[in-house]
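*Asks:* Read off the chains here:
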Amino acid sequence: GAVVSQHPSWVICKSGTSVKIECRSLDFQATTMFWYRQFPKQSLMLMATSNEGSKATYEQGVEKDKFLINHASLTLSTLTVTSAHPEDSSFYICSARIRTQRGLDEQFFGPGTRLTVL
Amino acid sequence: QKEVEQNSGPLSVPEGAIASLNCTYSDRVSQSFFWYRQYSGKSPELIMSIYSNGDKEDGRFTAQLNKASQYVSLLIRDSQPSDSATYLCAVSWGANNLFFGTGTRLTVIP
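Going line by line, the protein sequences match chains H and A.
My numbering applies: residue 1 is where the first sequence begins, and numbers increase by one.
My numbering applies: residue 1001 is where the second sequence begins, and numbers increase by one.
For reference, chain H alone in the conformation it holds in the complex (with noise of 0.2 Å):
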């Protein structure tokens, strides 16, 4: 499968402080990139959905102005938590999407970042 990356892949910071986390496809070109939240023992949830050159769509109930999303290239997103809180501690895992050969699309994870805000 398509490999994507994400760094750092945990940070510690102190509250009020923002935090910048990078996304990479590695070897391939994408589109769209997604940002997913998981709170320990809950499932994944989606933040928001990043496209190349155009603002982020930001699902409902996630402050825009607090997850700062860019998609400047075809192979990398940036997620930044601006005055983190320790409410904010969390995994933050970054998606690619993929078209196969077939014309399929398939999203494949980044390895996540493991944010603390102390």
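Read the hints as simulated data drawn from the structure, not as lab findings.
Here the structure is a predicted model, which means the values were calculated and not measured.
Honestly, I wouldn't trust all of these hints.
Unchecked claim - Some chain H residues flagged as far from chain A (calculated, every beta-carbon gap over 12 Å):
{"hint": "1", "residue": "Pro8"}
{"hint": "2", "residue": "Thr75"}
{"hint": "3", "residue": "Thr80"}
{"hint": "4", "residue": "Leu118"}
Claimed, not checked - What follows is a set of in silico ranges between Cβ atoms, one per label pair, in the way DEER data are often shown:
{"hint": "5", "chain 1": "A", "residue 1": "Ile1018", "chain 2": "H", "residue 2": "His7", "range": "36 to 44 Å"}
{"hint": "6", "chain 1": "H", "residue 1": "Thr80", "chain 2": "A", "residue 2": "Gly1016", "range": "41 to 49 Å"}
{"hint": "7", "chain 1": "H", "residue 1": "Ser18", "chain 2": "A", "residue 2": "Gln1070", "range": "38 to 46 Å"}
Quick reminder that beta carbons are idealized off the backbone N, C-alpha and C, glycines included.
Dock chain A against chain H, hints included.
*Replies:* Frame of chain H, contents of chain A only:
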């Protein structure tokens, strides 16, 4: 409201047995169906995709799709302790995002 439902489990099977995981979805126009495996503390890993009715086999895994009954299942033959994980069913409608079930936790007992 599009929904994807799974039994949360846990499902326990002895090593070497067949594990059967089921998933139902609400929308009849669903086009693509996926099974992801997620180990504790890790991100989901795509293990099977299926697009048409019937069975699709890949190694020890078999995905079964029945669009008329709106269910998709995953069979794991010769289950191994390393198969212990949460299995997520995901469904997409057209070019839309994936809709995930809450996952079924599988434990394979040695």
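*Asks:* Give a verdict on every hint.
*Replies:* Evaluated hints:
For Pro8(H), the shortest C-beta to C-beta distance to chain A comes to about 14 Å, beyond the 12 Å cut-off, and the non-interface label holds. At roughly 18 Å, the least C-beta separation between Thr75(H) and chain A is larger than 12 Å, which holds for a residue marked as non-interface. At roughly 20 Å, the least C-beta separation between Thr80(H) and chain A is larger than 12 Å, which holds for a residue marked as non-interface. A cut-off of 12 Å between C-beta atoms confirms that Leu118(H) is not in contact with chain A; the least separation is 20 Å.
Taking 36 to 44 Å as the suggested C-beta distance range, the pair Ile1018(A) and His7(H) conforms, at roughly 39 Å. Checking the proposed 41 to 49 Å range against Thr80(H) and Gly1016(A) shows it holds: the Cβ atoms sit about 48 Å from each other. Separated by about 44 Å at the C-beta atoms, Ser18(H) and Gln1070(A) satisfy the suggested range of 38 to 46 Å.
Hint compliance for this structure: every hint is met.
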